[in-house]
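Colleague: Since the structure of chain A is already known, use the hints to place chain B on it.
Residue numbers (the numbering used here), protein chains in the order written: chain A, 1395 to 1691; chain B, 74 to 392.
FYI, nobody ran anything at the bench for these hints, they're computed from the structure.
Just so it is clear, CB atoms sit at the ideal spot from N, CA and C, and this is done for glycine as well.
Some hints could be false.
Chain B stretches covered by chain A per the calculated footprint, using a threshold of three residues with CB under 8 Å from any CB of chain A [unchecked claim]:
| no. | stretch |
| --- | --- |
| 1 | 310 to 320 |
| 2 | 366 to 374 |
One side only, chain A facing chain B, incomplete, derived with CB under 7 Å [unchecked claim]:
| no. | residue |
| --- | --- |
| 3 | D1619 |
| 4 | P1620 |
| 5 | Y1622 |
| 6 | V1623 |
| 7 | D1632 |
| 8 | F1635 |
| 9 | T1636 |
| 10 | K1638 |
| 11 | T1657 |
| 12 | L1660 |
| 13 | P1661 |
| 14 | V1664 |
| 15 | R1670 |
| 16 | R1674 |
| 17 | L1689 |
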Amino acid sequence: MKTLGKIIDNTLLVIILLSIVQIITDDFAVIGSWSATYNWAKDWDLWMIIVGFAFDVIFTLEFISRAINALAHKRFVTYFFYERGWIDLLASAPLLGLLSGPAFYEYAFNGVIAIKGNRFVGNLKVIKAIRVSRILRLLRILKIFGKIENVMSKMSQHHVSSVSALVVTCSVAVFMFLTSIGFVDLGENPIIEARVSLTFTFVAIANVLMISLLYGRHFAQNISDPIYVMKRGMIEDDYNFTVKSKKPYKDEEIFQLAEAYNTLWLPMKVRIQSMRQKKRAAQAPGQPQDDYSDLLG
Amino acid sequence: MNTEKLRSFVEQLINSGAIKTLAPHEKEEHVLAFINQNEGKLSITFSSPDFYPDMAWPDIKSELAKVLGEAITDLVREQLKTTIDTLRMEWKQKYSDFMISDELFRQQLIDFAGKLSSRYTSRMHYSNILTLIKNNVIFPFISAVYTNRRYISNGLSKFDKIGFAKPEEAVDFLYTAMFILPIYDIMMPINMVMPGYGGPANKTVSYPETESNDALRKNFLAKLKEIIMTGFPNISPYFLDIILKVYYFAEEAENTTYTSKMLKIVYNMALQWKKVKKDRGAESFEASWLNVARVNYKFYSYDLNTVDELYKITIEEDL
Chain A
1395 MKTLGKIIDN TLLVIILLSI VQIITDDFAV IGSWSATYNW AKDWDLWMII
1445 VGFAFDVIFT LEFISRAINA LAHKRFVTYF FYERGWIDLL ASAPLLGLLS
1495 GPAFYEYAFN GVIAIKGNRF VGNLKVIKAI RVSRILRLLR ILKIFGKIEN
1545 VMSKMSQHHV SSVSALVVTC SVAVFMFLTS IGFVDLGENP IIEARVSLTF
1595 TFVAIANVLM ISLLYGRHFA QNISDPIYVM KRGMIEDDYN FTVKSKKPYK
1645 DEEIFQLAEA YNTLWLPMKV RIQSMRQKKR AAQAPGQPQD DYSDLLG
Chain B
74 MNTEKLRSFV EQLINSGAIK TLAPHEKEEH VLAFINQNEG KLSITFSSPD
124 FYPDMAWPDI KSELAKVLGE AITDLVREQL KTTIDTLRME WKQKYSDFMI
174 SDELFRQQLI DFAGKLSSRY TSRMHYSNIL TLIKNNVIFP FISAVYTNRR
224 YISNGLSKFD KIGFAKPEEA VDFLYTAMFI LPIYDIMMPI NMVMPGYGGP
274 ANKTVSYPET ESNDALRKNF LAKLKEIIMT GFPNISPYFL DIILKVYYFA
324 EEAENTTYTS KMLKIVYNMA LQWKKVKKDR GAESFEASWL NVARVNYKFY
374 SYDLNTVDEL YKITIEEDL
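So here's chain A without its partners, still in its complex pose (with noise of 0.2 Å):
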């Protein structure tokens, strides 16, 4: 059970990572108007309503089975709040109810091929905030975060995720908010529309590499590790490493923490571990009187 829920996980990686490839294709392609200059690429519009279409499909039917499984097993405010389900939501349904769902109608029953997958409503203001949304689909990049586990520290990735979560979703928030108030107008020029969509997919996606890199490191180096080295020294009885001291944070609760650890807890344990070794050998019986008589002669 465990390997099969792997392997759907390890899949859904792919299949998010695909998705996010898609996105910075589907720009590329209008901006170098692919469809008209390359033979092969005539039908591209068509491949990409059908293949986006999918992914929100997958994306949406990954949504509702957790959800579904987490109500099950009554932890559906754990999964929405806690383990990023919120994100699974709006990286999915709304792009499906909203921009390929509709487009992919419009291909299937009446045979037009909406560029962008929302060229058929035209020009209503509505829709054009509607077509705004298409920037939900970055939230995709966070999901990562959920299908690669950090083996070596949990709460290091729950905490680099966090940062990753609010940087993004506010980052999306705000450019939805402005273009909905009619602050900032793309226009109806589908060109500008995917370079300030490839524009944003970029920062979005630099934002999350350096927090995951860089935060993450340091995260890890500050936090998590000195707590992982106490963690084992506490609880596994033959692992006695100091923490490696930071001048630069000394002050810091963490490392006050760790101080106190390697300059009174770690050598009270060593200590009681010696004590006990003398107790020991205190208790086991006696050797033969002539058990160092070979050594006499």
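Modeller: Just chain B, lined up with the frame of chain A:
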């Protein structure tokens, strides 16, 4: 009892892929753990007609442990010879009272350590020392000590009657002296007058037990001296003094030779040393050990300045 079958079983275990590359003491611990964990299956196999149908399992088990001990002792002896043969012993020339050739002293060391290694605790200690020497753990420390020229370099080169001019000399001395120290843990019968009881009493003690009893300790040290002098009849009295002072407890430690202080720290580190990868967020084994040792210096009668400087070296040299 014909132990051939037990011996071949033990040989198979200690040469099995998983533990083949481990140090002898680790092999012995692994095999003992394996025997204890699989007691059920092993008792059935060894009590079958093909093995020892007439023997009870506890007797077979005890024989198995004995055969294992012998096999590991052979391994340790082999390694002892190889390692002791590589010692340079240049420092010996400075001891005018060391009336014995390098070759003979080497042979005495091999014989003495070989005899001691038949005892479980001593065998474990020798295996630890051999592992430390094989990994040359001490040299980077002593080399840094001589480069930095702080407290320890003065201690090793100037504090005692006979000092070491070069780090190689000091390291070779420390490694050589360590081969005499695993006598430390053996239990020893001591004839002494029990206070208040008048007559002589015979008590079997181990070294740590003598800490709180002056009379016991003196008696124990006298026995140690006797054992060492039997193994090394022409040993330099000054060298012997350095060895015996390693066994001094806190109140005597201040008056001991500096080399004994250093030897005590290195020897105790050797007994616990493990080749381990630096864990994330943790200091290395050496740094952790010395960091704890400098807090617990009184408890173990270590020289504070020495452990403190050695710890600082681990930081400076990233050891």
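Colleague: Mind checking the CB of R1674 of chain A against every CB in chain B and telling me if the closest is under 7 Å?
Modeller: Because about 10 Å separates R1674 of chain A from the closest Cβ in chain B, which is outside the 7 Å limit, the hint is violated.
Colleague: Let's test the interface hint: is any C-beta of chain B closer than 7 Å to that of K1638 of chain A?
Modeller: Holds, about 5 Å.
Colleague: Under a C-beta cut-off of less than 8 Å, do 3 or more residues of the stretch 366 to 374 of chain B approach chain A closely enough to confirm the stated coverage?
Modeller: holds (count 4)
Colleague: Counting residues of the stretch 310 to 320 of chain B with a beta carbon closer than 8 Å to any beta carbon of chain A, are there 3 or more?
Modeller: Violated: only 0 residues of the stretch 310 to 320 of chain B have a Cβ under 8 Å from chain A.
Colleague: Quick one, is the D1619 of chain A hint okay against chain B at 7 Å, beta carbons?
Modeller: 3 Å, holds
Colleague: Verify the interface restraint on F1635 of chain A: the C-beta must sit less than 7 Å from at least one C-beta of chain B.
Modeller: Status holds, d = 4 Å.
Colleague: Report holds or violated for the interface hint on D1632 of chain A, using the least CB-CB distance to chain B and a cut-off of 7 Å.
Modeller: 9 Å, violated
Colleague: Is the shortest C-beta separation between P1620 of chain A and chain B less than 7 Å?
Modeller: With a minimum Cβ separation of about 5 Å from chain B (threshold 7 Å), the hint on P1620 of chain A holds.
Colleague: May I ask you to test the interface hint for R1670 of chain A with respect to chain B, counting a Cβ-Cβ separation under 7 Å as satisfied?
Modeller: Violated, because the Cβ-Cβ distance from R1670 of chain A to chain B comes to roughly 12 Å (cut-off 7 Å).
Colleague: Holds or violated: T1636 of chain A as interface residue toward chain B, Cβ cutoff 7 Å?
Modeller: 4 Å, holds
Colleague: Hey, does the P1661 of chain A contact hint survive, CB to chain B under 7 Å?
Modeller: 4 Å, holds
Colleague: Can L1689 of chain A be said to touch chain B, with a Cβ gap under 7 Å?
Modeller: 5 Å, holds
Hint compliance for this structure: hints 1, 7, 15 and 16 are not met, and every other hint is.
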